[in-house]
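Fit chain B to the supplied structure of chain A, relying on the hints for placement.
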Amino acid sequence: MIASRAHEPKLRALEALQAQRLSAAGRARLRRHLERCELCETTLRGLRVHTQLTAAVRASAPQVDFARMELAMRQHARAAARRSRLTRFALPAAAVAVAAAVLLVLMLRPTQRTPQPLARPAAVQKVSPAQPEAASVVAMLTALRGTATVVGTDGSEQRLTLDRPVREGERIALAADAEVHVRLGTDTAMALGPAARVGLQRLREHETFIDLLEGSVTSQVRHLQPGERYVVHALGYAVSVVGTHFSVSVDDDQLHVAVEQGHVVVTDAQDRVVGDVIGPGSFEVATGTRAGIDAALVKPRVAGVPGTAWPALSLPQWPSVATWQVDGSSFAASGQLAMRVPAGDVTLTAQLTDGRLRKTLVRVPAEGLRVEEDVLRRLLRANDDEAREAGTLKPDAIMSVVQAGLPGLQRCYELSLKQRPDVSGRLTLRIAVDAAGRVTRVTPRGDAGGVPEDLVTCIRTGAERWRFPPPGASGITFDAPIRLSHQH
Amino acid sequence: MRVISSTAALGPTTSWLRRRAEPELQAIMDPLDPLVRRAQAGDERALHELFVRHRQDVARIVFRALGPDGDVDDVVQDAFIQIFRSIGRFRGNSKFSTWLYRVVTNVARMHLRSRRARPQIASGVAPEDAKPASLADGPEQEAERHARLRALYRQLDQLSEKKRTVLVLHDFEGLSPAEIGEIVEAPVLTVRTRLFYARKELYAALATDPVLAEVAEQVREAASGGANAGKRAGSEP
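So the sequence lines, in the order shown, correspond to chains A and B. Per the working numbering, the first sequence runs over residues 1 to 488. Per the working numbering, the second sequence runs over residues 1001 to 1237.
None of these hints come from the bench; they were simulated from the model. Glycine included, each C-beta is placed from N, C-alpha and C at the ideal position. Hints may contain errors.
[Claimed, not checked] Estimated spans, in silico, between C-beta atoms of each pair:
1. B:SER1086 to A:ARG36: 19 to 29 Å
2. B:ARG1089 to A:ALA100: 24 to 34 Å
3. A:ARG36 to B:ARG1091: 52 to 62 Å
4. B:THR1193 to A:ARG445: 43 to 53 Å
5. A:ALA61 to B:GLY1088: 43 to 53 Å
6. A:ALA61 to B:MET1110: 16 to 26 Å
7. A:HIS486 to B:MET1110: 18 to 28 Å
8. A:HIS486 to B:ARG1150: 52 to 62 Å
9. B:ARG1150 to A:GLU284: 39 to 49 Å
10. B:THR1193 to A:VAL98: 48 to 58 Å
11. A:ARG483 to B:SER1086: 34 to 44 Å
12. A:ALA24 to B:MET1110: 43 to 53 Å
[As the list claims (entries may be wrong)] Where chain A lies over chain B, by a calculated footprint (3+ residues, C-beta under 8 Å):
13. 1033-1043
14. 1056-1070
15. 1084-1097
16. 1145-1151
With the rest of the complex left out, here is chain A (with noise of 0.2 Å):
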């Protein structure tokens, strides 16, 4: 045996007895070498599990949703040709401008007794080519349970309909019973609770103003960028947004936040800070108290990508149904419900009110689908034992869509170790899916081992999200463990 200590492993011979580039001689010497010495037979070792490795990992190809990634890319690449365009023209004119302003000054300097201040660079401004506002964007709703007006730009009241676009200067009024999910662009949503009374006071690519003049706003806002904005204002407050998941309402004269993911700043009239929440957590603006979140915050539905216009799926009032949910959204069953869903099959679940749950799948065509009520009950009762019926994922599919969701979580642990930083443990989510692949349920199983009620929340927001390949039949339930740790 060759003494390690003393010795290196000649990696280009061992490389180039892998390639079979050596000769017959060379080949046979080194033979001889890796008999006696086990440091070089381990790196070669080591040397052939890379080779084969390398080629994995050269025939494995990205996964990447670059359909989703389109109109992101669109609006960083309008921001960079405009600031591509201030640094080449305005910037060079504004330094002109400055230049001559200071020569003029220099010029007419002898001439006067006293030195007068520079003369404010009214030029600067003038060379600075005029911003171009952004268009208004014009808003779906995604999904309507019970009644709702919209008032118009030149005050004209009408009925809110799945089909009806809301624009900027409009006004939405919900009924008592009623919610209102309205996607505002890209991955951003609001969700207007019952009795809710909003205003739509400026709807542009990257600036949302929300005026709250009664219930409650649910946001759901992807991460901005700077420069761009998301405001809902309510009582002489703004609440504004750094890319999260909140609501804010109003009840008689209190304003209260919650925020179930990101970072929200209270401003109040004369623009101070009066308060900042990050989530998951609540603040009450008037009493200053802060608090956490009590249950997941509704999701806005975003439904689709702009541009694109996905089917409406109407389900009736139904006495024996208390909840809906359809396409990752619950909805109450009080009033009829329609929303924009995906066309082609759609899990239906039904949870009835004594409990039980009914799930059926409906086939959505490309111009929608009114479920009248015969249809309904025929679909709710149809057989328990195919409802029962379990579909298949196989583990490494599973496996995948948890790890790529992994990072989504991230955020959650960071936010939750900033209050408590010894916060670690381990947690199992029970996932349930879908057909379709969707996560209809997240629950924690058995004990959460010390990781807080927030972050578990969190986590379990977060997992919604995911989508995984669709099982099939109806859907499929299992663990996922997840693990929290960090160094200090």
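Below, chain B without anything else, positioned relative to chain A:
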């Protein structure tokens, strides 16, 4: 072609001359893509066209740099934001593809750096744990392959940033040391040294990784089978 030869013939002592001549020669040898010029001029469509044209390449580079569990989508997006921001500074002194590699590699490296600094949230799901009663048993090759790649990148995480970058660009992307030198802005000799030590450390780690023990056994058997076959062939009269 003649122009290229004459540049090479200038020799190391006249590097100042070469540097002075280079932009002009470069323009003849490898004129800037009109699309890049338009993008530099602030043409929004050209920037978007750059995204469409290069997104597959960028995704591949990012994927190979980060591994199967990386946030490829996010990093690809960040890389393009960076490309859009800094394209104005691309002077055409290197090939556009080299510049692109440099930007993307840097973004991926920054991402890896921040990932290392972050607290870890990980799934404790081993394939057998994740298997519900209703799951179909079938060939698990894909899962195995995924687990092996994950093991590889776990070992890559142990390498220093510089060694890892060079190894990924050379072994996974198939770039030459000279090209890598341009990307990481280091002499070719330095690139070769980093590659040597990266491989040395990685081979030792891969040989003892328990997840990869089976792979090691398979390749050992395949190699010994080949060697025996060779011996047999050699011993035949």
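(message) When the structure is checked against the list of hints, which entries are broken? Sort them ascending.
(response) The structure breaks hints 1, 5 and 8; every other hint is satisfied.
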